[in-house]
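*Asks:* Produce the complete structure using the sequences and hints provided.
Reading the sequence shown from the start, the letters are residues 2 to 90 in our numbering.
Capping the alpha-carbon separation at 25 Å, the derived lysine to aspartate or glutamate pairs in DMTMM-like fashion look like this: (1) K16 to D60; (2) K17 to D60; (3) K48 to D12; (4) K89 to E24; (5) K59 to D12; (6) K16 to E44; (7) K89 to D55; (8) K48 to E11; (9) K59 to E11.
It is worth saying that the hints were derived from the structure and are not from the lab. Since this is a predicted model, take the numbers as computed values, not measurements.
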Amino acid sequence: MYKCIFLTNEDLHKKKYPLNLIENNINNLNLYHILITQTLTAEFCAKYFYAPNDIYAKDDVDQEIYTHHILHYQPHINLIDIENYINKK
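*Replies:* As structure tokens, then:
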């Protein structure tokens, strides 16, 4: 449904988007902009912020996102939920 909508980092600062649309645009978006502007799930965070070899990171800022950053910008998420999804990989 959202495959043909192209998002930019600037778009993320204007409104919240469904996670499936963000996932479809993951290659054009910086993780940091996603983290600070959108409401994420523990599953999304585990999948993209803890990916092997930082494959979704676009720059040094993206590579320097740690658990305490996620918990700060996504206060509805807790560490146990993130760890559960990481361990499911």
